[in-house]
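One letter stands for each residue in the lines below.
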Amino acid sequence: MKLRLCLCLATISVVLAGAAPLQPARRPHYGGTLRVEIGPTVQSLDPAVVAAGREEADAKAELDALLYQQRSEDGTFVGTAGSGPFRVASWELGRRATFAANQDYREGRPFVDSIEIQMGRPAHDRVVDLELNKTDFAQIPAEQARQATDRGVRISTSQPNELLALVFLGSRSGKESPRMREAIGRCIDRAAIVNFILQKEGEAARGLLPQWSSGTAFLFPSETDVRTAKEIWSQISPSPKLVLGYDSADTLEQSVAERIVVNAKEAGISLVSRAIPASGEASLGQVQGETRGVTHVDARLVRLRMPSPLPRIALTAFIHRLEPIAGTVESPVPQSASPEDVYYCERSIMNSGLVVPIVWMPQVYGLSARVRDWKQPAAGESWPLADVWLDSTDSR
Amino acid sequence: MRLLPRLFLRHAFIFAWLLAFAAASSEGQATAQFPPDWTNALGSLADKIAAVTKRGEGLSLEAKNISSLSAADVDSLRQLLLTDLSRRNRRVVTESSADAALQVTFSESADGYVWIAQILGGDQENVVMVSVAAPNQKASTTEAPLTLHRKLIWEQDMKILDFGILGEGMAGGSSMLIVLGSDKLSFYGSQDKSWKLARTVDLAHGGTAQRDLRGRLDLKAGKAELPGAECGGDFQHPETVTCSSITTTADRETPRQPIGIQARSVEDYAVLAGACGDDSLMLASGAGDWTVPDFIQGYDGRNLSAATQQIQVPGPVLELLRNDDGKSARVVSRNLKTGVYEASIVSVSCDD
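If you read the sequences in order, they're chains A and Y. Reading the first sequence from the start, the letters are residues 1 to 396 in the numbering used here. Reading the second sequence from the start, the letters are residues 1 to 352 in the numbering used here.
Any given hint might turn out to be false.
Computed from the model, here is a short list of chain Y residues facing chain A with C-beta under 10 Å [said to hold, decoys possible]: (1) T83; (2) D84; (3) S86; (4) S109; (5) Y113; (6) V114; (7) Q118; (8) V130; (9) D212; (10) T291.
Calculated from the structure, these hints are not laboratory results. Keep in mind the model is a prediction, meaning the values are calculated, not measured. Where is the CB? At the ideal position from N, CA and C, for every residue including glycine.
Only chain A is shown next, with the shape it has when bound in the complex (with noise of 0.2 Å):
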């Protein structure tokens, strides 16, 4: 029998010294350096220092998970930086970081050696230097994965887990604010959105949750009944002139507020677009101007990404979100994790009419070949970014 198995192993071996080239190996190696590509400039790691916009607190996150091991209950961070698995070796302020591998990391060392970020690249120069082979690992805005896919880039995308909603600011109360939101919500065409400006990369949004995470998302409706819309708003009388805000640094936003003008101009409704500042949450309808002083908004666009995938915490972070935008205080969330529970939460939220969900969009990533053992990260986990090994350290 040994003589068998001797056998056999030589002409495994004859077998591997004729092979044409194989597939890289899938055993993880160390080593390497990861080259990143982030949109916004961040000005400080600190988990203390609130950043200026959206973008800016998405990307500090991501960065401090790499740096802090823990997290508090409000999904703040806590502890010392450096006791995740990374620790700050270089820091250019808005410009470039360096990370270095944390050798005494309490899960283990990541693999790479260090991971190299460039900061204020803008979406179209991350698509090309992916193309290039120019950087490893850069997140690519929803509307231009089906463009980056064409051009070759190797693309990772998530569920839709991002919720685009038309939310009506507190400010505007009385008889007729309800028919308004009704005609308003109906006169959307959320496909034409999802086809044209999303590329098709996205979901028309039913409800606060997306299908695949509450399993009820189809009892909403979501298709555009211009008709009724147009016979609602021909009964409010003075028929009023809305404006809906929309995040100045955002083009996403932007494509989307004048899409919806356009179709509430169909319907009849008098609906403007008004860029207003990125920072800070636009409450009671007054947002500071970047040159008027103050802009007037009605309605404005917002972004909200899932902490969870799990409906009842994804559902109640997004009431707390939407609470102070919406000036509505204490919202009921739901009672348990039971479908059952969160449904009817849900729906209570939808038939006030003050939050009109648009687009679910996924978080789409682009990476280069030697990227092994990326996994896509759910809803309210961060890059792993300790995880992934790099097939050859040579980045050329």
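Place chain Y on chain A using the hints.
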């Protein structure tokens, strides 16, 4: 003349008994394939439907599946729901003669299945629902001249580096499962067809933690080794086993030479003795990385052509090692659905 009513009664009794038997057996067939919590959940759904409808009310039933359930499962669940509703005095009738429309949707959430009933009667719509845990994906086996079998031995949340069974199949002797984890060595004695914890020994290994920590058990020598720690003793008698920290932190295992199978480089393989009396068989796992489900397949030892069908593993195979008997391999994998580490034995059988 008197015989006629008696015969009629006898036939009527037999017919009624056959009907009852057929109904009972068809229900049995429908329920037998489902876990008890599914049938309970369906009963709860019927209760909730009954609570918002009237006794004797005629309902038109439409069932829709937007979940990962199979069409056959949904058909059986629909049948079961019909029975549950009739037990609650709710009639399912055609749409034209219905008092209310009942639409049942078999949906799915991040938590599991959600079964939803929408009851539309007049202007009113009621929505009731129940949730059901989705079962874990089971590894499947496929038929081939040589067939691989995967037997799950142990699963745990903590990473498994290696495992082994001592005394298996020994007449009169009890067997012992030894599991080498990342921070402890555990001994389980066999008791009533299950494994009961006999002892754990902490591995106070020094040095830095490794992300791809590997370790080995040598059952014959009574040794467990991993970077920074080693254990020794009589593994049949766990009380004799001690572990100590050692200064070596490097992985002492000699890196295995990758081999080429069908144009891919394979590092995880185990060469088994020929199970069917001829050539050896090489077991190897798939080519995906550690984020995707995996498979194990047997290859002919001479020319490395596929010799068995693949057996699916619901997560990456982390270790694939030849057992001391030379006829089976021990496999450590991680179930991507549950996140737990699984220790299994893969063996091969001939189909003739």
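For each hint, the structure was consulted:
1. Checking T83(Y) against chain A: minimum C-beta separation of about 23 Å lies over 10 Å; hint violated.
2. Interface hint status for D84(Y): violated, as the beta-carbon distance to the closest one in chain A is roughly 18 Å, over 10 Å.
3. Restraint check, S86(Y) versus chain A: the minimum CB separation of about 24 Å is more than 10 Å; hint violated.
4. Because the beta carbon of S109(Y) sits about 3 Å from the nearest beta carbon in chain A, less than 10 Å, this interface hint is met.
5. Hint status for Y113(Y) relative to chain A: holds, with the closest Cβ pair at about 8 Å, below 10 Å.
6. Using the Cβ-Cβ criterion of 10 Å, the hint placing V114(Y) at the interface with chain A is satisfied: the shortest such distance is roughly 4 Å.
7. With its C-beta approaching chain A no nearer than about 7 Å, Q118(Y) sits inside the 10 Å limit, and its interface hint holds.
8. With 10 Å as the threshold, the beta carbon of V130(Y) comes within range of chain A, its nearest partner Cβ sitting at about 8 Å, so the hint holds.
9. For D212(Y), the shortest C-beta to C-beta distance to chain A is roughly 5 Å, which falls under 10 Å, so the interface hint holds.
10. Taken as an interface hint, T291(Y) checks out: its beta carbon lies about 4 Å from the nearest beta carbon of chain A, inside 10 Å.
Checked against the numbered hints above, the structure breaks hints 1, 2 and 3 and satisfies the rest.
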